[in-house]
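1 is the number of the first residue of the sequence shown in the UniProt record's numbering; add one for each residue after it.
In case anyone wonders, no lab produced these hints; they're calculated from the structure. Be a bit skeptical, because a hint or two may be false.
Derived CB-CB ranges, DEER-like [what the hints assert, rightly or not]:
1) Asp189 to Pro59: 39 to 49 Å
2) Glu212 to Pro182: 18 to 28 Å
3) Thr96 to Ser123: 37 to 47 Å
4) Asp29 to Gly131: 38 to 48 Å
Glycine is no exception: its CB is placed at the ideal position from the N, C-alpha and C atoms.
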Amino acid sequence: MRSSVHAVIAVKSLGLAKSRLADRLLPQDRPQLVLAMLADTVTAATSTPEIASVTVVTPDQRVSQLVRGLGARVHPEPPVSAPHTGLNTALSAAATTVRAVHGPVELLALQADLPALRPHELSDMLRSAAGLRRAVVADHTATGTVALLVGDGTSALNPLFGTDSARRHIDAGAMELRGEWPGLRQDVDTADDLARAMELGVGVNTGALLRELDMSHRGGGKSTVARTGPPVRRPA
1 MRSSVHAVIA
11 VKSLGLAKSR
21 LADRLLPQDR
31 PQLVLAMLAD
41 TVTAATSTPE
51 IASVTVVTPD
61 QRVSQLVRGL
71 GARVHPEPPV
81 SAPHTGLNTA
91 LSAAATTVRA
101 VHGPVELLAL
111 QADLPALRPH
121 ELSDMLRSAA
131 GLRRAVVADH
141 TATGTVALLV
151 GDGTSALNPL
161 FGTDSARRHI
171 DAGAMELRGE
181 WPGLRQDVDT
191 ADDLARAMEL
201 GVGVNTGALL
211 RELDMSHRGG
221 GKSTVARTGP
231 PVRRPA
């Protein structure tokens, strides 16, 4: 499969990140975890042969600095009329810009917090979606969405992230993909999510941070590194 899919990822301001991990991480550590998981997610995406580009839409300069260093493009976050629409508005704006630059390409909206994601999982998922107009991958709870693919090159992304987003994407016409991609499905919102990701084997950046924070024994997991290579320097 040729490199024809263009990925978009949205990241909100780091100051608002991962409040559900407040019982496990200090306020100054949560943004560092977001950056580390994002670095591993972007690294997996840019290492996937089928993905031609990765665009991250964010208002945060630390995020912008990080992902540019990983070979991703940055799109400024557009203004929104209501907070709950922010993620979908941001992804739609980035997708529109990608097509303005590259033409009628396939689009992949990907969550930013997939520290155990492997490139071969993304490759296999994209191959399984070949020929589908729209496809969705549910998260490990089977309610959220970790990936939304638009494969016909002309249809709008129309993301519906939020509560019960997998069902809403399916109701809107997306085919649910049911492959065994544990790293792709394991997004991280809670301490239990983080422990499961550690059991799967997190990427080099998340693994390095968790060791720095001495969380490997507290998370219930092995903090195994899924990929080799030096960690990315996180912006201060």
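Against the structure, the hints:
1. Against the hinted window of 39 to 49 Å, the Cβ-Cβ separation of aspartate 189 and proline 59 comes to about 20 Å, which falls outside the hint.
2. For glutamate 212 paired with proline 182, a C-beta distance near 25 Å keeps the hint of 18 to 28 Å intact.
3. About 26 Å separates the C-beta atoms of threonine 96 and serine 123, a value inconsistent with the hinted range of 37 to 47 Å.
4. One distance hint, 38 to 48 Å for the beta-carbon pair aspartate 29 and glycine 131, holds here, with the actual separation near 44 Å.
Hints 1 and 3 from the earlier list are contradicted by this structure; the remaining hints agree with it.
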